[in-house]
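Chemist: Spelled out, the chains give:
There are 2 protein chains.
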Amino acid sequence: MIEVKIISIGDELLIGNTLNTNSSWLSKELTNIGLTVTSSVMIPDDKERIVHSLNSSKESIIITTGGLGPTKDDITKKVISNYLDSELVTDENQLERVKNYFKSKNRQLKQSHFDQALKPIISESLNNNVGTAPGIYTEFRDKVYINLPGVPSEMKDIFENEVKNKLRHYLKSNSNDYFIYKTIYTTGLPESELAERIEHLDDQYSQVKFAYLPSSSGVKIRLGILNSEIENNEQNLFKTLRNKINELIGSYVIEENNSLFEATIELLIERNSTVSVAESCTGGGLGKQFTEKSGSSAYFEGGVITYSNKSKMKLLNISKETLDNFGAVSEQTAKEMAINCQQIFNTNYSISITGIAGPNGGSPEKPVGTIFISVYNGEKTFVEQLNLSKNNRESNREYSIQKAISLLYRTIKQSL
Amino acid sequence: MIEVKIISIGDELLIGNTLNTNSSWLSKELTNIGLTVTSSVMIPDDKERIVHSLNSSKESIIITTGGLGPTKDDITKKVISNYLDSELVTDENQLERVKNYFKSKNRQLKQSHFDQALKPIISESLNNNVGTAPGIYTEFRDKVYINLPGVPSEMKDIFENEVKNKLRHYLKSNSNDYFIYKTIYTTGLPESELAERIEHLDDQYSQVKFAYLPSSSGVKIRLGILNSEIENNEQNLFKTLRNKINELIGSYVIEENNSLFEATIELLIERNSTVSVAESCTGGGLGKQFTEKSGSSAYFEGGVITYSNKSKMKLLNISKETLDNFGAVSEQTAKEMAINCQQIFNTNYSISITGIAGPNGGSPEKPVGTIFISVYNGEKTFVEQLNLSKNNRESNREYSIQKAISLLYRTIKQSL
Chain A
1 MIEVKIISIG DELLIGNTLN TNSSWLSKEL TNIGLTVTSS VMIPDDKERI
51 VHSLNSSKES IIITTGGLGP TKDDITKKVI SNYLDSELVT DENQLERVKN
101 YFKSKNRQLK QSHFDQALKP IISESLNNNV GTAPGIYTEF RDKVYINLPG
151 VPSEMKDIFE NEVKNKLRHY LKSNSNDYFI YKTIYTTGLP ESELAERIEH
201 LDDQYSQVKF AYLPSSSGVK IRLGILNSEI ENNEQNLFKT LRNKINELIG
251 SYVIEENNSL FEATIELLIE RNSTVSVAES CTGGGLGKQF TEKSGSSAYF
301 EGGVITYSNK SKMKLLNISK ETLDNFGAVS EQTAKEMAIN CQQIFNTNYS
351 ISITGIAGPN GGSPEKPVGT IFISVYNGEK TFVEQLNLSK NNRESNREYS
401 IQKAISLLYR TIKQSL
Chain B
417 MIEVKIISIG DELLIGNTLN TNSSWLSKEL TNIGLTVTSS VMIPDDKERI
467 VHSLNSSKES IIITTGGLGP TKDDITKKVI SNYLDSELVT DENQLERVKN
517 YFKSKNRQLK QSHFDQALKP IISESLNNNV GTAPGIYTEF RDKVYINLPG
567 VPSEMKDIFE NEVKNKLRHY LKSNSNDYFI YKTIYTTGLP ESELAERIEH
617 LDDQYSQVKF AYLPSSSGVK IRLGILNSEI ENNEQNLFKT LRNKINELIG
667 SYVIEENNSL FEATIELLIE RNSTVSVAES CTGGGLGKQF TEKSGSSAYF
717 EGGVITYSNK SKMKLLNISK ETLDNFGAVS EQTAKEMAIN CQQIFNTNYS
767 ISITGIAGPN GGSPEKPVGT IFISVYNGEK TFVEQLNLSK NNRESNREYS
817 IQKAISLLYR TIKQSL
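Here the protein sequences come in this chain order: A and B. Residues in the first sequence are numbered from 1 upward in steps of one, following this note's numbering. Residues in the second sequence are numbered from 417 upward in steps of one, following this note's numbering.
Just so you know, the hints here were simulated from the structure itself, not pulled from any lab data. Just so you know, these numbers come straight off a predicted model, no measurement behind them. For every residue, glycine included, the Cβ atom is placed at its ideal position computed from N, Cα and C. All clues given are correct.
For lysine-lysine, the following BS3-like pairs were computed, each having C-alpha atoms within a straight-line distance of at most 27 Å:
id, chain 1, residue 1, chain 2, residue 2
1, B, 730, A, 293
2, A, 310, B, 751
3, A, 366, B, 709
4, B, 730, A, 314
5, A, 310, B, 730
6, A, 78, A, 47
7, A, 220, B, 488
8, B, 709, A, 310
9, B, 444, A, 72
Here chain B is said to cover these stretches of chain A; the calculated rule only asks that three of the stretch's residues, wherever they fall, bring their Cβ under 8 Å from a Cβ of chain B:
id, region
10, 19-29
11, 40-46
12, 281-287
13, 300-307
14, 311-317
15, 357-364
So here's chain A without its partners, still in its complex pose (with noise of 0.2 Å):
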């Protein structure tokens, strides 16, 4: 097992400023090597807390992020150096780099750009292809040092395009006993039943670890295999283990290694079709799901947040009676706001959400946490009525709408 340290530096981190994005997202990518994320702590840019932190390392590869700015108070590299008791040199190759970047972006470079080439003499620099301030890469007495921009977008791009090779090769070579870890996304089935209809398999492939993580659009399956097993199988593990899930739940699971909006937003585009949205209590959040991504005119049309019943009626011609006789949070508002909206933007799905997000607003009939959601197809409409327990109202949101998506996302499946 090959340990990895976080260390995510930052002032901004400390005063509860800045969520610290950078050290969930790695920690996910390191472990999807076979890496294992012992810890991960903040500290602010100051050199001391730099140094005890680095010395404390018991682990072998320590990444750092932050801290390799231009202004003054960006003393990572420098401190790095010290620490490294490796002096700073220019590197030629990054200079180019960073005056190119500063030409394509028609700016001035100042002397503190140029600092930003240099690196210890003993360590590599790794390209940013987002921005200016390179990453750096050092072997140093057994231990791997890598340092990383905070800035998410450039500590992405450095780690996907030049860490991630380089940890994966010095995991071979210095770990005989590493898990490799496969994910199957499922989506539409809880926890508690996925684990009984799996658990066998769990029994039965001793040398597989099975991990269970729950989020708001599935649960999602992690399957963990020694490396040595592997080399030996040539992947057959995985396989077997996929095929046998896939007989067991098969329409629950998402197309490999996708998420499951992903691999919506993948039929919507194969299938040339289009969606729109009605929404009541989630306000606008499944039509900026949506809209994530460039490009999502493709698939979405628009959609209508009809929060009051006044709007309900005026901009979905929901009748006044079915307000009155089943009320704004039930199945047959649900699939009228479905099927009208559908005519109104004349797309191939439409979804749509009404219930009550809470923590106001429950009675003894529809407690908080009651939510439809419908989906129309254009020849038949489909229910699901959720009873979210969270007196959480943003969980329920968001669990409302991943449930839609999760819900068009079979129906599309179901017609293919």
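Following the hints, complete the assembly by docking chain B onto the known chain A.
Modeler: Same frame as chain A, but now just chain B:
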């Protein structure tokens, strides 16, 4: 200066399956009290790691989150009791609370739930109003140990109702010398301009630490004053500064202690006013924001997501001429969207957003990041053009939403 270390405990944090929002929330709260967070670490549910992390703390206050639940991987309490060399005993008050909690939820108590009422004999339990795991507070050998659950709502509840005052008290008795912070929220003025207009105050009041914290909704001005200065001046210094800042940039200052969104909602409620939205590139994100809180039907009527030109014409009656002559991303279209939206929903105010969020879809005349926002108050439209330079769809959309709320806020405020 009293230093704090935050230790977030949980395997899920280190495989990247859960984003650590607790640490960031706690850091902000602790900083506002006047404490200094000097490190924040994430470690797995592992005895050795927890002990190592406790041992290597130089800080005088140590706050842990996570590992207090009833399942077998929740080991924090056992480890702490060992570390403090203090046996676990049942806290009868807490046992009563746990029993009542389960009774109120109609759930059966298991043995593991009885363990929730255990605490180290030298420690004090901290009431949890939203879950079953109490927090634990211990003063031991000149240090304070606070153990909180990992579920954010439970952690926040205990911190706000039980921990905050204890820490304030601790700070007063143990330090002569700490900063008290006040934050002034502003909106609509870029950081550089804001700094330029008030930087002479920074020089004039050398005893005050000025910090500018930019976010998508505006710039927060954080003023830090030593507690001794405060006591001598009976809060006068904060008041003086607030008045001076009001004189200099008053129209951009948000009501005291309120975020932009909160302040806007308060204005709408006070004036018994309603709002509707017409969104293009934000795809529903503005509506989602307006419905974030329970009770939002008091001020939010609904909206349309007109992502395609077709839907802009059909739902919002945007004229073909406007779209042909000026384009969907233009001042004219933004204005028409706002006016027609107000007429559909019959609200006091309406907001529209149309733009190119990127990363694709730009042109030489209208590059990525060109976004128009408009507010209509039933009489007049106000429009702002944003030229967001970032090639980042997510942040461009978030900025547009916040700028739109900012324009609404200033529109309502000016008409007061």
